[in-house]
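Undergrad: Chain by chain, the residues run as shown.
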Amino acid sequence: MSKTITVSSAITGKSYQYIDTGEPMRGGMKDVFFSPDKTYVVAFYRDIQDYNSRERLKKIVTQYYDAFFKKEGGEYYKNLYCWPTDMIEADRKVGLIVPTYHKNFFFKKGYATSDLIKGKEKEGKWFASAKFRNKQFALRLDESELGNWLSYFQVCVNIARGVKRLHSAGLAHSDLSYKNVLVDPVSKSAAIIDIDGLVVPGLFPPDVIGTADFIAPEVLSTKHLDIKDVNRKLPNRLTDLHALAVMIYMYLLYRHPLKGGKINDLDTERDDLLSMGEKALFIEHPTDTSNRPKIGQLNPKELPWADIMKIPYHVTGPYLKELFDQAFIKGLHHPNERPPAEMWEQALLKTTDLMQPCMNPSCEQKWYVFDNTLSPRCPFCGTRHLGTLPVLDLYYQFKPAVWKPENHRLMVYNNQYLFQWHVNRNITRNEKLTAEQKVPVGYFTFYHNKWVLVNQKLDSLKDLTEDKIIPINEMVELTDGKKLLLSKEDGGRVVTITMANK
Amino acid sequence: MRRLPVYFLLDTSGSMFGEPIQALNNALSGMVNTLRMDPQALDSLWLSIITFDREIKEVIPLTELVSFQLPEITCPQSGPTHTGKALEVLYEKVKTEVRKGSTEQKGDWKPLLFIFTDGKPSDLQLYREMIPKIKSLNFGAVVACAAGHLADDKMLKELTDTVVHLDTADSSTLKTFFKWVSDTIEQGNKSMGTQESVALPPPPAQINLVI
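Each protein sequence line maps, in turn, to chains A and B. For the first sequence, position 49 matches number 49 in our numbering, and the numbering has no gaps at all. For the second sequence, position 27 matches number 529 in our numbering, and the numbering has no gaps at all.
If you're looking for bench data, these hints aren't it; they were derived computationally from the structure. Every residue, glycine too, gets a C-beta built ideally from N, C-alpha and C. You may find that some hints are simply not true.
To be verified - Pair ranges (Cβ atoms, derived):
#1 A:402 <-> B:606: 57 to 67 Å
#2 A:144 <-> B:582: 19 to 29 Å
#3 A:226 <-> B:637: 24 to 34 Å
#4 B:598 <-> A:120: 53 to 63 Å
#5 A:20 <-> B:566: 33 to 43 Å
#6 B:598 <-> A:168: 31 to 41 Å
#7 A:14 <-> B:521: 27 to 37 Å
#8 A:11 <-> B:504: 38 to 48 Å
#9 B:566 <-> A:144: 45 to 55 Å
To be verified - Facing chain B, from chain A, some residues (calculated, C-beta under 10 Å):
#10 108
#11 110
#12 111
#13 125
#14 212
#15 459
Just chain A, same shape as in the assembly (with noise of 0.2 Å):
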């Protein structure tokens, strides 16, 4: 029988209340009823919380909930966490007062055969599946519930600037993984969820070492050693950074980044602990190809995405595949190269800057990333790229007549706009943009068999080729080899055009 029970703040003394169906829904370590109206969950801890784990808690939903959410710009990152709120005692145990998920992390459809999963939550190991995106599956999402390639690097980037956030804060999350970060293709969002496994280092230690799949290599070969040993290794921001990588990969190319043919070992468990531990490598690693997968082994439902000759890592552009080699190479086994959120992050939307959508209406990616070839297609469907393709080069000041390349550019399609964080070096695109900053400020428009330019709040654009005002509302065409100056401020850029596909 459900009955309604009453429970109190062990901070605050304020009363809560959650419905107990005596059939919870169970987390790894945690009891989860859902208040009788449904906006908040109380999760019970099933073991008893020592005094340190309990001084944790308390300062999670008090000190730290402070600092990330009533300062300014703290309603951001409301949505990008799911932050316990209280923290309850009863009958020696010890619970939390978390939000509900919002309603875009349930699923409206789900599977596109049933109605079976339609409203559970979308954890992340549904999109970093190739099976589930697979025509051939039988229980395969529903396309509305995908999104296209474009939608995951929102959803990666919301990702990564959760984790910049906590880093920022001296925390680190200690368990990121398919469950604890749920994400929206649809509405191209992410919330990192149980947060109360926080780790603040020096303080409270972590008391889980991850989750299968995410678990950094030198967490798992010393996970045989003593807790107190001082080379045991335990999750931290480095491992933190381990999982991003990982979920980052696995959102654009639906595949794991360590998990290939090389055996270790013929006993199962040891060689998956050898394979993800000691000796992880990375299965596109450029000169050891001894982890490739085998392509007769995969599950044809995997394919291609499990094929990394069909669809290599540089897909993802010259940005990522960078910080993946940084990642899954030079840090795989030294934490300390890891690339940071932020590097992700900044990565994540330059590469945006590069995609082009794809001529083939039913490209299940819709997007691609340019290759830097004279003659793009889409590495998905194969479709060529028809008629010419501006590209532009991005160029800072570096002194008064030197302007250097940015190593960003921007590639142009019909109806993409520019913004200020092109413009100008100074405005850096994250979520600490004000409103005015995320207005467009100009266009790209392919007119009259010409492609142009219009400047919408550009106040001083200036065609340096043909020594030109652009004044506001008027249009300059893009050719090949023509500069731009974008603003004549500190910090305003220089473009220089190439086109592509001639």
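Given chain A, work out where chain B should sit, using these hints.
TA: The following block gives chain B in isolation, referenced to the frame of chain A:
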């Protein structure tokens, strides 16, 4: 890629006739549905069902969860419980179906075995002979479930340390039990503690776990 093979050995002897077999069917289909809502299970889980009464039937050979079609499990109105013979069949199946790691190919995860019975083995000698063989297969976990007052926990204890005793084989008890079974199967996907991890989740309160 690696599979997680899970074998169910289900008692369909005469004493299961009537409500118990209905309840078992109901609970099994509930369990399969629960597992089908789990993306991790859909990624690696393979299931097999073998029933035993006078005869041993491989109702479903080891099949990937996505293609698994649960048939109605039936039982005769009376007859013996050939648990030993069932273990013999299981032994051969596991030996041929579960992939061992080789230098060429990754092996499957250690298989799991769930045995459900409401009585005691009629072929006791064979049953005892099979126990060491079954143990040699190196299962990840063997869970035996004894339902009703006629089921013999002691006999099952010889096979495995984990014996769950259900007082009745009614629909709600079985449902709870199979919910716990699916929790056990899904255990590997959850966060792992920093201390040595426990293989089985705690059983629901209304079930007696004989350890």
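Undergrad: Next, verify each hint and record whether it holds.
TA: Hint check:
1. A:402 <-> B:606: 57 to 67 Å: 58 Å, holds
2. A:144 <-> B:582: 19 to 29 Å: Given a distance of about 54 Å, which is not inside 19 to 29 Å, the answer is violated.
3. A:226 <-> B:637: 24 to 34 Å: 30 Å, holds
4. B:598 <-> A:120: 53 to 63 Å: 36 Å, violated
5. A:20 <-> B:566: 33 to 43 Å: 37 Å, holds
6. B:598 <-> A:168: 31 to 41 Å: 55 Å, violated
7. A:14 <-> B:521: 27 to 37 Å: 48 Å, violated
8. A:11 <-> B:504: 38 to 48 Å: This hint holds: roughly 45 Å between Cβ atoms.
9. B:566 <-> A:144: 45 to 55 Å: 25 Å, violated
10. 108: 16 Å, violated
11. 110: The hint holds - residue 110 of chain A has a Cβ within 10 Å of chain B, the shortest such distance being about 9 Å.
12. 111: 9 Å, holds
13. 125: 4 Å, holds
14. 212: Holds, because the Cβ-Cβ distance from residue 212 of chain A to chain B comes to roughly 6 Å (cut-off 10 Å).
15. 459: The hint is violated - residue 459 of chain A has no Cβ within 10 Å of chain B, the shortest such distance being about 52 Å.
Against the hints set out earlier in the document, violations occur for numbers 2, 4, 6, 7, 9, 10 and 15.
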